[in-house]
Each structure stands twice: as structure tokens, then as C-alpha cells.
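Engineer: As a plain string of letters, each chain reads:
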Amino acid sequence: MALNRKIAYIDLTTGDIETKPIPLEVRKKFLGGRGLDAYLLLNHTEKGCDPLGPGNALIISGGILTATCASATARTHVMAKSPLTNMLGSANMGGFFAPELAWAGFHHLVIKGKAEKPVYIWIHNGEIEIRDAGHLWGKTTTDTQWAIREELGDEDIKSAVIGPAGENLVTFANVMTGIKNSAGRTGMGCVMGSKNLKAVAARGSMDIEIAHPVEALEHNKHFINQITSAKVNQTQGALGTPFIWGATNSWGGVRTRNFQYNQCENADDIEPERIDEICEETMGPYHMTGCFGCQVHCRAQYKVPSGPFAGKYDEGPEYTSLGAFGGEPDCKNAETVFAGNHLVNQFGVDNLEIGSIISWAMELYELGILTNKDTDGLELRFGNDEALLEMVERICFRKGWLGDTLADGGLPAAEKIGKNSFDYLVQVKGMNNLHSDERGTPALALNIATASRGSDHLRSRPAIDLYHLPEKVLRKIYSSPIPYDGPLSSEHTAYEGKPWQVYWQENCYMAVDCLGICKYHTVFLGATLPNFEDWPKVIYYNTGLEMTPEEIWEVAERCNNIERLFNLREGLERDDLKKGDTLSHRYFDEPCRRGAPDIIGATIDREKFTKMIDEFYEHHNWDKNGVPTAETLERLGLDKEPSHLI
Amino acid sequence: MEKVLMINHQKCTGCRLCELVCSVMHDGVSNPARSRIKVMKWESEGLYVPMSCQQCEDAPCMNVCPVKALSRDEDLGFVTVDYEVCIGCRSCVAVCPFGAMNYNIIDRKVFKCDLCGGDPQCVRFCEVKAVEYVNADRVSNYKKKDAAERLSAAQKEGAALQAAM
Amino acid sequence: MAIEKEQLSASESLRKTRTFGKVRCHNPSCMERIQPAPGANHAKCPTCGMEYRLFWVNSTLPRIRGPVWDVNRKIAQEKMARLEAAASKKNGKKGGK
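Chains as they are written, first to last, in this note's numbering: chain A, 1 to 646; chain B, 1 to 165; chain C, 1 to 97.
Derived from the structure by calculation, the hints contain no laboratory data. It is possible that part of the hints are untrue.
Ranges between beta-carbon positions, derived for each pair [said to hold, decoys possible]:
#, chain 1, residue 1, chain 2, residue 2, range
1, B, Ala164, C, Thr19, 55 to 61 Å
2, B, Glu157, A, Gly307, 23 to 29 Å
3, B, His9, A, Asp269, 27 to 33 Å
4, C, Ser13, A, Asp485, 15 to 21 Å
5, A, His644, B, Lys109, 17 to 23 Å
6, A, His644, B, Asn104, 24 to 30 Å
7, B, Gly117, A, Ala494, 54 to 60 Å
8, A, Ala494, B, Ala153, 48 to 54 Å
All C-beta atoms, glycine included, are put in the ideal place defined by N, C-alpha and C.
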């Protein structure tokens with residue numbers, strides 16, 4: 001069977017390394033990637049473990065399709081208990097790392113313990129070595145990668161690394177690879193830093209068997225056509241993810257000034273077309289680049305056009321860079337976006353979280369909750385570009401009282417700042433939301449409230465809900481592979497039927513993360529992109545594993561339930577404002593004040609929202625508190641967790 | 001008419017799908033170490049250049065081979081290795097000015113681009129057309145056209161600038 | 001494995017519903033399809049009156065670059081004023097009881 005892949009357990013305290021094949025039984029239950037990682041996390045950590053202690057498990061993986069002849073199998077998944085949320089930590093990045101790890105012999109790494117001194121892990125054609133990283137400590141993300149290549153004498157080494165933010169235990173530090181690919185959410189870089197682990201370097205020339213190579217090759221061509229012919233992916237390929245921010249800003253669905261407004265007016269200088277112009281001016285007409293094996297090429301290349309970092313090469317900026325350094329702090333200067341993007345990439349910190357937390361601090365400063373004494377004299381007002389960039393550095397290096405405070409993340413910072421600062425923090429489960437505004441879109445609000453890693457758009461967002469697709473189109477998508485004949489509404493302002501859409505997307509995205517492919521290759525932004533019915537062939541041709549769409553759905557369900565079990569174990573309670581499936585009061589109390597006519601005045605209706613959560617739980621067959629019923633766990637074979645299959 | 005691979009590295013996004021499909025097509029496995037085409041990267045500058053065999057007229061690999069294991073395919077014009085004859089001395093690897101003759105440590109064999117028998121998979125899968133399969137005598141024409149377009153665009157820009165002044 | 005070769009999946013069958021050369025109005029409950037003149041850099045929604053600036057990804061793929069800000073601002077202010085007036089009227093009634 002083609003599916004002979006390995007997992008390695010690495011203990012940084014003792015230096016012990018154990019490698020094992022991944023049993024077929026485990027593959028059938030969890031496929032790989034995020035799903036299998038969640039199972040490993042639940043099985044290899046103790047309840048209430050310290051996220052920064054040796055007992056936390058850092059799990060790095062590729063999906064079951066990683067490095068096979070399927071489209072865009074570039075994604076690397078990183079999981080651990082999160083130091084930001086104290087619940088499930090999970091982040092996903094593109095680039096070239098996971099495929100290289102696969103050619104080096106491994107699909108999953110479970111890293112526990114804590115090294116005495118800074119180290120990095122070197123994985124090469126089936127062999128694993130823990131090496132000294134004293135000389136790498138303190139280096140930026142890219143310098144670390146180039147230094148490892150030079151030290152080991154191989155330019156093709158791919159590394160997953162942390163920058164200064166991870167070393168300084170900023171709770172929302174990234175794990176990164178390449179110039180800008182970031183496993184950004186939930187502070188996985190902080191966990192790496194806590195283990196004194198600077199990098200995982202991989203290089204391999206081992207074969208990944210393809211079960212049916214001729215068919216896999218032909219089918220891949222067909223699959224790529226389906227993906228690249230989608231209009232949304234053609235736009236991505238031309239403008240990258242900034243186009244999503246631009247489109248969303250156009251109707252008033254972004255956050256500005258820490259959620260005070262939902263549209264950044266006159267933001268022409270940071271519109272995607274302007275960003276694209278600067279990329280073209282600095283890198284030429286062909287300035288889009290892609291992850292491994294992907295033909296969407298949504299990542300732009302640029303050189304910082306002006307300012308203190310002028311001429312520095314970087315990649316991005318993405319939606320979140322526009323949000324973090326443009327929309328949220330209301331800065332609106334392309335130069336600031338490019339510079340901010342460069343800083344977060346170099347320091348290795350989540351641009352989304354840092355942008356949101358600084359904007360929160362800006363609102364607190366303008367309200368007088370933070371004073372000049374707290375900011376060491378920094379005028380931390382909206383629209384102050386210099387202060388924004390200064391704060392990025394202060395947080396990443398924990399400089400000053402405020403930098404150090406914010407580096408701990410929103411919830412601990414709110415406690416330390418006190419007064420009513422918490423009321424202004426727009427978070428779910430301790431993590432800030434994407435720089436988008438969901439007050440006009442109940443389905444999207446339900447998504448962020450219930451996402452397993454805290455407020456997040458990549459867990460279950462039915463983004464196509466905004467396209468007003470005819471009901472029969474919605475039904476075609478959402479009633480397969482599991483029949484559904486309940487309500488579905490083309491109206492984005494409706495509450496009816498939305499819990500099913502969110503539930504369906506939750507399973508869809510879980511499946512994608514288990515396969516190890518990109519969300520631009522499924523029903524995320526485009527309704528005509530592949531999903532459950534399209535995957536059996538890809539899986540079969542590449543791995544030999546026979547699965548029906550219904551079976552893939554069941555794997556996704558199982559894995560989502562495991563994530564739920566983990567979160568419940570770590571204290572999730574439905575209505576807890578800091579650990580529950582809830583939203584900031586601002587969603588219910590403060591109406592949208594800008595945007596297209598029909599978005600103005602929008603809020604989320606508390607009663608209807610509660611009903612949506614009830615329904616959402618019912619679809620899962622969870623009880624009123626969001627706890628999986630015994631029947632559900634038994635049906636999914638999860639009634640004896642932790643079951644230690646691997 | 002003989003066709004050749006025409007590479008325009010500016011268009012390359014660096015995704016390395018060509019390397020993947022090359023190894024799947026020839027060896028039935030995924031492994032860039034087996035690929036006949038390889039994208040050379042300067043990651044810190046964002047520069048990607050796909051490199052493959054030029055199927056040289058006066059091919060150094062053919063000339064240097066001590067056992068005459070290399071020959072030219074009569075139909076498609078590419079240089080091919082006869083593994084019955086090859087002794088694995090790697091002289092061809094050493095002499096190739098493009099590094100296009102490869103050697104892999106798995107099979108311990110030299111290997112090179114064979115144009116997939118006339119349907120190069122790297123070309124078929126490259127949607128941005130960084131690698132194309134064209135008649136050998138057309139390459140310079142395409143390049144002329146490209147250069148002419150740039151020249152004309154520059155002239156228009158210059159004229160517009162002058163008009164604005 | 002029983003893989004039906006020629007049967008289209010749901011997502012594949014939806015491909016023919018794609019439209020080209022059009023944009024959807026960004027006013028979320030309007031969402032009218034607008035067909036701009038080829039290469040046009042400006043469009044007005046015939047249904048709700050919103051005005052947009054356009055960008056062409058390629059010759060058949062226009063996208064809304066953003067609203068015409070003045071028009072957008074005016075509409076937003078008018079709508080907000082109406083909502084506030086309605087709210088104060090409602091509150092006023094409550095106070096009178």
C-alpha cells in the first residue's frame with residue numbers, strides 16, 4: 001500500500017527520539033493533518049497542562065495528500081495547547097515545509113519536553129538529529145533559515161522557524177517558513193520558544209509512493225482546471241488576498257478603529273489594486289508567487305517602497321496585513337502596510353492578533369483607560385502610523401510596560417489594565433477576530449463564536465453566504481454528502497438555516513485540513529470549487545485509500561468532536577465570555593455605522609443568536625451545553641478517549 | 001520540425017509543480033530529486049529560474065560519454081540515455097554546462113529530460129506558461145515579440161511623461 | 001474501487017452557472033448583477049443606486065474596486081439619520097408612558 005508514512009516522537013528534555021509507521025486503522029479514522037494532530041494532542045497532553053511547560057505537545061504535520069500528485073498539498077499544520085487561549089491551539093501555513101518533511105521521511109512530529117539550551121531539529125532522509133541553536137537564537141525568521149542552509153550546506157533545506165517574538169514568548173508568535181508563510185494563530189511559535197526550539201529543518205529525497213500514478217496525474221490536471229477556472233481564484237491570482245479585504249471594505253464588512261466602524265472610508269491607498277501597483281513597480285509584471293504545487297499563485301512579491309525599510313524584499317501583504325496595519329488602526333497608508341507586514345514577518349508574530357491588540361490599545365488610549373504613563377509617552381492614537389509600528393516592536397521584544405502587557409494576549413492584558421478595558425476587547429475564547437465585521441451576517445457571527453480555536457474565519461465560515469446564491473444552488477452544495485432538507489436562505493441577514501451551513505463548512509474545512517490542501521481549493525470563497533464528492537478520487541489515486549464522500553464527512557465529524565473534547569477538557573463553557581461559544585457584547589449592542597445602505601444599523605439579535613447556537617449543537621448531536629452526547633461519541637468511536645492508538 | 005522547451009523564468013511562480021509531475025510521470029512516485037526539471041531559487045530575492053536540458057546540437061554529454069551511451073532521438077531530437085550501455089561514470093553530469101544531466105542516489109543512475117515522448121508534462125501543468133514547448137526556430141521570434149512589446153510600452157510611457165511635463 | 005467516471009459532482013455541475021463580464025452590487029441585500037460596458041471604470045447599480053469604481057482582472061472579469069466614496073458617505077449618513085430619528089421617536093414614546 002502506498003500509504004506507508006511515519007510519525008516521530010521527539011522528547012527535547014531527554015533527547016529521546018522514537019519513530020513509528022502510522023497504522024492504516026488510524027489513517028481511516030483521522031486521515032492526517034489537523035484531524036490526526038487533534039487526536040495526538042488529546043492523547044499526548046494531560047488535562048490543564050501548562051501550555052509553556054514541558055508537558056505540552058507541539059505537533060507539526062502534513063496532510064494525507066501532502067507531497068502527492070494532488071493539487072496544492074502544501075499546507076503545514078501546527079498544533080499544541082495554546083498559550084493565548086489556554087485551549088486548542090492550531091495553525092496552518094502554506095509554503096514548502098510539509099512536502100519537504102514528507103520527502104525527508106515524516107508526516108507527523110510530536111515534540112514534547114523542553115531543551116536545556118536553544119536547539120533545532122534536523123530531519124534528513126529518515127534521520128532525526130537535535131542540534132545546538134545557540135548561534136541562531138535572536139535571529140529573524142529569514143536569517144535563521146538562511147543560516148541553517150549555510151551551516152548544513154544545502155540550499156534546498158526547508159525550515160519551520162520562530163523569530164524573536166517566539167523566543168520572547170509573545171503568546172501570539174508564529175511558526176514560519178519561507179519569507180512569509182505563517183502558522184500564525186493561537187501562538188504556536190510561543191510554544192516552540194518555550195521548548196527552546198528555534199527551528200525544525202527538513203530535507204529529503206525519499207520517494208512518496210503514488211498508488212495509481214497515471215490516473216493521479218490525469219486527475220490532477222482535471223482538478224487544477226476546476227480550481228483555476230473559478231473567477232475568485234483568477235482574482236486571487238492577480239491581486240492576492242488583499243482583494244478580499246477590498247471587496248469586504250467596499251460594502252462595510254471590515255473592522256476599523258477596533259470595531260467602532262465597519263468601513264475604512266477613502267482607503268484608496270491601501271486598496272488591492274494600489275497594493276498590486278506597488279508590487280509591480282518594485283518586482284515587475286510577474287510578481288505573484290505560489291506555494292508548492294499550486295496554480296492559484298495568490299502571494300505577491302514586493303520590495304518596501306519607501307521609509308526606513310525601503311528596498312527590503314518581502315511577500316504579502318495579505319488581507320490581515322491590510323486589516324492590521326491599514327483598516328483597524330485607521331492608517332490607510334500603503335507604506336505602513338508594507339513596513340508592518342515586513343516587521344511581523346521578520347519578528348515572527350501573528351499580524352492579525354498584533355493588529356487587533358494594538359487597535360484595542362488605541363481605543364483604550366483614546367478613552368483615557370490607557371494613559372501616557374502606560375505608553376511611556378507614545379501617542380497611541382488611531383491613525384498614528386509611527387506609534388503603530390513602534391508598538392509592533394515593543395510587543396515582539398516585550399519593551400516597556402505596555403509592550404510586555406500586550407504580549408501576554410488580550411485576556412491577561414485586560415486583567416492587568418483593568419477598569420472596563422475588557423468591554424472593548426473583541427475576542428472569542430481569548431483570541432481576536434479577523435479584521436472583519438459580522439454584525440450584518442449572522443451566519444458568519446455564528447462561525448466565529450463556535451470556532452474551535454477561538455474567533456476564527458477558517459474553521460467554519462460560510463463565506464459564500466454573501467453571494468446571495470439561489471436556494472437550489474445552496475441546496476446542491478449543502479445537502480451533500482449528508483441529506484439535508486431543513487431551511488436554507490439566500491439572504492445573508494437571515495438566521496434560518498445558517499447553523500446547518502456553518503456545520504457543513506466546519507466539516508468541509510476539517511476535511512481540507514486533514515487532506516493538507518488549501519482552502520482556496522474548496523467551498524470557501526467560491527461555490528464551484530471541489531468538496532466531499534470530488535475528494536474520493538484524489539485520495540484513492542494518490543494513496544490507494546478507498547473512501548466515500550460520506551466516510552470523509554464522518555472523519556471530519558470525528559475530528560471536530562475530538563477538538564471539542566479537548567476544549568471541554570480545558571474548560572470550555574457555552575456562555576463563558578472568555579472561554580465559551582459567545583461574542584463580545586459589541587456585536588449585540590453597537591449597530592454598524594457605515595457601509596452599504598443595507599448594512600447600516602445592523603446588529604446581531606441576541607435571542608436569535610442563542611437559538612442558532614442551540615440548533616448548531618443539535619446538528620452535532622451535542623447537548624444544550626455543547627457537550628457531545630454519549631451516543632455521538634459511541635457512533636464516532638470516541639467513547640474511550642484517550643484511546644492511545646498511536 | 002523539432003520542438004524544444006522554452007523557459008521564461010520571469011513568469012515562474014516557483015510552485016515546483018513541474019518537478020512533481022515530472023517525477024510522477026517518469027517514475028510513478030512523488031520526489032523532486034527524480035525530476036528532470038528543477039526550479040532554482042534565490043528565495044531572499046524572490047527569483048525563480050526553472051532549469052532543464054537544452055538538448056544541445058553539439059551536446060557535451062554525448063561527446064564526453066566514453067561508452068557512447070548517449071544518442072539523439074531521431075523523431076523528437078532529444079538526447080537520450082541507453083541504460084544497457086551506460087556505466088554510471090557521471091562524466092556527462094560533470095560536463096553539462098547547465099547542470100541538466102542529473103544523478104540520483106536512489107537508483108544510482110544518471111537521468112535527463114526526454115520531453116515525455118512529445119507531451120512534456122511540465123509544460124502541460126504550467127498554467128502561467130513559464131515553460132512552453134515550441135518549434136526550435138520560433139523561440140527567437142517569441143523573444144523578439146516580447147522585447148518589442150516592452151520597447152513599445154516604454155516608448156508610450158516616455159511620451160506620456162513628456163506630454164505631462 | 002467503484003469510481004463513476006463520467007458523473008459530475010455537485011461542484012462541477014455548478015460551473016456552468018458562472019457568469020462572465022458582470023459584477024454583483026455590493027449592497028448586501030441588493031446584490032443585483034450589473035453588466036458594465038467592457039473596460040468601464042465606473043458603474044451605477046440600476047436597482048439601488050450605489051455607485052462603484054471598477055477594476056478589470058482580465059477582459060471578461062470585472063471587479064468592484066470600491067464605492068464612490070462621496071455617494072457612499074451621503075447614503076450612509078442619510079440612513080443613519082433615519083435610524084436615529086426612528087429610535088428617538090420610539091424612545092420618546094416609551095418615556096411618555
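Engineer: If any of the earlier hints don't hold here, list their numbers in rising order.
Structural biologist: Numbers 1, 5, 6 - these are the hints that the structure violates, sorted from lowest upward.
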